[in-house]
Amino acid sequence: MSELNLTDNKFIQFHQKIGFKFDGVKYYGYKGDTIASALLRNNIKLIGRSFKYHRPRGFYTCGIEEPNALVQIISEYSEPNTRATIKKIYEGMEIESQNRWPSLETDIGSINNIFSPVFPAGFYYKTFMGPHKNFWKKIYEPIIRKAAGLGKPPKEFKAVSTHLYHNVDITIIGGGLNGLIAAKSLIDTKYSVLLIDFDDQLGGILNNSNKVQSVNNQTPMDWISETVKEIENSKNIKLLKNTLVTTYNYINHLIAVEDKFVGSRPLKDKVNSTLHKIRTDQVILCNGHIERFLSFQNNDLPGIMLCSSFEKYMCRYGVIPSKETVVFSNNSNSESLVFSLIKKGFKPKAYIDSRSGENIEPDLFDLIRKNDIPLYTNSQIKEAYGNKKLQKILVEDSSGGVNEIKTDFLCLSGGINPDVHLFTQSKGLLDWDEKDLTYKPAQAFQPTITLGSASGQFDFNAINKEINEKLDIFGIKPVQIKLKLNTSHKFKIEKLWEVLPQKQTIWSKSFIDLQNDVTTKDIRQAISEGFDRIEHLKRYTTNSMGTDQGKISSINALGIVSDLLDKKVNEVGTTIYRPPYAPLSFAAIAGRNSYEYYDPERKSPLHNWHITNGAVFEDVGQWKRPWYFPLSKDETMNDAVQRESKNVRENAGVLDGSTLGKIEIKGKDALAFMNLIYTNSFSKMKPGTSRYALMLGEDGMVKDDGIICKISDEHFIATTTTGGAATVLGCMEEYAQTEWPNLNVYMNSITEQYATFNISGPKTRNIIEKVFPEVNFSNEAFPFMTFQFHEYEGTPIRILRASFTGEMGYEIYVPSNQALKIWEKIINFGKEFGLKPYGTETMHLLRAEKGYIIVGQDTDGSITPLDLGLDWMIGKSKKDFLGKRSLIRSDTVRKDRKQLVGILPTNKNEKLEEGQHIILDKEIKTPTPMLGHITSCYQSPTLGHNFALAVIKNGQSLIGTKAFASTPELKTIEVEIVEPIFYDKENTKLAS
Amino acid sequence: MLIIDCPYCGPRDQSEFSNGGEAHVKRPDGSAEIGDREWGEYVFIRANPKGIFYERWVHSHGCRKWFNCVRDTSTDEILKIYKIDEERPKLDSFKNNVKTPSGEPNLGSGNFTVKK
Ligand SMILES: [Zn+2]
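These protein sequence lines are chains G and U, in that order.
Per the numbering used here, the first sequence runs over residues 1 to 992.
Per the numbering used here, the second sequence runs over residues 1 to 116.
Careful: at least some of the hints might be erroneous.
Unchecked claim - Simulated crosslink set (DSS-like; lysine-lysine; CA at most 25 Å straight-line):
no., chain 1, residue 1, chain 2, residue 2
1, U, 26, G, 876
2, G, 879, U, 26
3, G, 482, G, 10
4, U, 83, G, 668
5, G, 668, U, 65
6, G, 666, U, 65
7, U, 83, G, 666
8, U, 65, G, 878
Hints in this document: simulated from the structure, not taken from any laboratory.
Predicted model, so just to flag it, every value in this text is computed and none were measured.
Could you build the full structure based on these sequences and the hints that come with them?
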């Protein structure tokens with residue numbers, strides 16, 4: 001058993017055994033274990049296969065910086081790429097290793113390792129260029145996708161996450177030693193404070209190592225629990241545990257994600273994660289440091305781990321990954337591990353340091369000597385050997401002799417880096433520290449304070465001074481923390497990035513990025529190929545581009561590059577750490593804006609009636625509109641539309657037009673305003689009349705259309721397209737406020753206040769006279785394009801005589817809460833005249849027969865009113881309106897502009913298709929000059945054949961000539977170019 | 001994500017606002033006497049400076065009022081917010097640092113996160 005002592009502590013409840021499955025085999029761990037600590041307890045050291053070469057990999061770290069140990073959590077909808085080093089186990093958890101086939105032990109993909117000469121740096125760019133362009137799609141890509149990569153996407157996953165907002169004065173990120181001291185000093189001050197830690201236990205380094213012996217004469221554990229209690233009891237500090245700050249945006253805007261189910265199976269209907277969106281005046285970064293690794297041959301073998309991680313497994317989880325480990329270091333960070341190992345009675349098998357004896361910390365040196373640990377100074381590990389696990393290492397000592405040491409475990413330390421990810425996300429500047437060999441925060445861009453090792457302050461004796469200086473701005477009482485240490489208080493390091501390879505074999509590789517399988521050889525090759533700028537090098541080699549962003553290795557790469565280029569590291573620069581700090585699930589980002597709440601659904605007041613009557617719905621913007629009303633399940637859309645269209649032309653039909661935008665415009669200057677917004681002139685219109693109107697952009701292009709009802713010079717009601725309502729209102733508001741603030745005018749949306757029924761067809765008058773017997777619907781009393789206000793059983797209604805189908809028709813506007821009553825009455829009274837509801841598809845067909853355009857279908861933002869042949873709608877006498885001057889721009893007066901025309905197939909049996917091109921030649925040669933394209937196309941039951949609208953170059957002058965329409969099969973159909981009107985050209989029906 | 005101090009509602013999150021591009025662009029009237037160049041510049045041409053920029057915002061998910069704003073585009077710092085009918089603040093009343101967050105050169109771009 002790789003366990004230390006089994007008495008319960010705050011981290012692990014040893015009395016509570018937990019069963020879980022890894023690759024189908026059942027194991028036991030304890031409450032509080034991570035997947036990694038539990039598997040190490042069971043002596044499992046092989047956890048996955050690497051990304052490119054499928055090499056066996058183990059646990060390299062004990063935290064969020066882990067590059068290797070990514071697993072798939074089968075019991076959580078198969079959640080992939082979960083870090084085994086932080087995810088806690090629970091009873092019944094099922095875990096699978098990733099990127100191996102058929103099994104972790106026997107992985108066929110590891111043959112990639114032998115073929116590795118074909119996977120050099122930039123192999124994506126170089127190798128797969130030929131021999132034929134289809135090779136990539138058909139052969140290379142599918143193979144690579146199968147062989148390379150990480151986990152598989154989750155299955156049947158339904159995210160449950162929510163968002164929470166905070167607005168505080170100070171946010172402290174990291175509840176380690178410095179974070180706790182800072183928070184404690186802010187207790188009962190005037191500031192509201194948020195203290196965030198990723199762990200469920202505050203204390204950071206105090207929990208994870210034996211560096212500190214006592215704090216203020218208390219044991220570290222006692223000091224932590226007392227301090228945390230004080231913080232929890234304070235009124236001005238809020239504590240968020242299990243919460244990772246992933247993003248540090250402009251204006252001190254932080255994004256943090258909280259895991260609500262740490263150590264238990266997420267419940268299906270409960271919030272699994274909370275995304276915290278934090279605004280704060282001041283950020284205090286206390287997020288500590290990350291240990292680096294070192295590069296040498298086969299530094300990726302299972303059984304190799306960072307020093308601080310090994311110590312964390314011991315201190316935090318009570319598990320010792322190996323009782324006979326070798327330690328290899330170039331800095332003081334290994335001292336604490338050696339101390340802990342000896343204290344527990346598992347002294348290292350050997351201690352190897354690249355430094356000379358006199359540069360090793362005296363305390364450490366004495367400790368090693370006193371315990372008879374074999375010591376190799378001025379020495380380096382040349383190569384590690386092993387089959388799926390470490391078996392031996394080769395050490396080159398100061399005299400140049402090579403010593404073989406048999407060992408199953410090796411702890412590495414290549415130095416430490418302040419965790420600058422959040423600091424650089426905030427746009428703070430870094431500076432290279434030549435003494436500590438790392439980038440440190442130099443100049444904050446936002447109100448950001450860094451404390452402790454996060455600021456590059458690695459000296460335990462300087463903690464009080466730093467905190468008192470940097471937190472002085474808050475007027476806190478000076479803190480005086482007394483620390484007693486087990487190890488040296490200062491940090492010392494000597495440069496070592498990479499032990500140069502001794503011999504080259506295909507299997508032996510010296511890795512610089514474990515997650516993306518980048519070797520130091522790849523770095524050399526990229527530089528020799530000219531990719532010597534660090535940002536180029538990163539992309540060419542994919543170094544530090546994995547989900548871990550090279551947390552334990554990216555600085556090493558900079559060191560190697562600076563040596564190769566013979567430049568200072570500061571001159572090489574560093575790549576940018578980008579948010580998020582660690583992968584952030586889409587589910588957390590989406591929060592409640594997912595599934596049925598992704599986008600609001602808008603429904604007409606008649607929605608339930610449509611459902612009852614079998615409507616099939618179509619999405620129009622956010623609206624649900626009846627598309628067609630099939631008589632039975634067997635009736636196809638085409639059949640239903642043919643039937644509905646025929647019925648409107650022969651009897652009558654009614655459409656739910658409630659989704660049309662409706663805007664009410666009022667004010668002394670309403671008339672002047674409307675004249676400026678629309679192309680038409682409304683000045684001579686009599687009250688009670690209405691007009692079809694166009695709205696242009698300032699570029700002269702059609703933006704929207706609708707019917708404008710003039711109640712008086714000071715009161716208008718405009719309709720807009722269903723999708724354009726918000727834009728039109730926004731445009732009116734903008735111009736009223738910014739261009740013509742002198743005009744007295746107000747506007748408001750009344751779309752949802754009124755339902756609209758569009759009744760049309762030759763029998764409309766019979767029906768509507770029955771529904772509204774007190775209204776005189778004769779042509780004389782109620783002419784085309786006029787409207788009247790009436791009352792229906794006490795409900796005020798407005799009736800407008802207008803038509804979008806070409807038949808005589810009326811639009812009835814009723815308050816939404818009375819809509820169903822009146823609609824049902826119309827349907828009932830209309831039965832004897834053959835009245836049927838119809839949907840949007842029939843509406844589209846009927847309006848196209850009449851040549852009425854749909855903005856956004858027949859126009860696309862590049863069509864002027866002149867292109868549509870709607871010159872008559874332009875108020876030529878008006879001095880100004882939106883886009884007026886653009887109608888005489890050189891571009892809009894071009895002769896060869898695309899113009900709206902009608903298209904008919906010469907052979908009436910041929911079917912045209914929307915989006916197909918109109919061309920002049922029967923044969924499609926490449927390139928074929930294109931005249932334009934079909935914008936609308938339908939089968940007309942009235943004409944008995946296909947017809948279409950199209951926009952084609954110089955269309956108006958081509959009317960009467962022949963052309964060809966292309967087909968998806970690259971054939972052509974001969975067509976006639978005609979006027980864009982196919983039904984009732986004389987408009988007799990509208991006024992009948 | 002910016003915090004924008006709506007002159008009518010107070011400071012709110014950027015997600016409540018929409019940007020309206022350059023401010024103080026005078027709209028010529030639509031008459032034919034306006035030359036192609038003058039009209040074309042109004043319709044199509046907008047400034048895009050690195051540094052101090054006068055721009056318009058609308059509190060679209062709030063009071064729906066338009067207002068003007070002076071922002072340093074290189075740092076995203078909002079220097080002033082004023083109502084549509086208020087006078088345009090003079091350019092020399094702001095310190096034009098033209099510094100980018102990462103301290104890049106004034107011209108061109110590059111990724112220099114390291115202090116020079
Ligand atoms: Zn507002």
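Status of the hints after comparison with the structure:
| no. | hint | result |
| --- | --- | --- |
| 1 | U:26 with G:876 | holds (23 Å) |
| 2 | G:879 with U:26 | holds (17 Å) |
| 3 | G:482 with G:10 | holds (24 Å) |
| 4 | U:83 with G:668 | holds (24 Å) |
| 5 | G:668 with U:65 | holds (21 Å) |
| 6 | G:666 with U:65 | holds (18 Å) |
| 7 | U:83 with G:666 | holds (24 Å) |
| 8 | U:65 with G:878 | violated (28 Å) |
Hint violations for this structure: number 8 only, all remaining hints satisfied.
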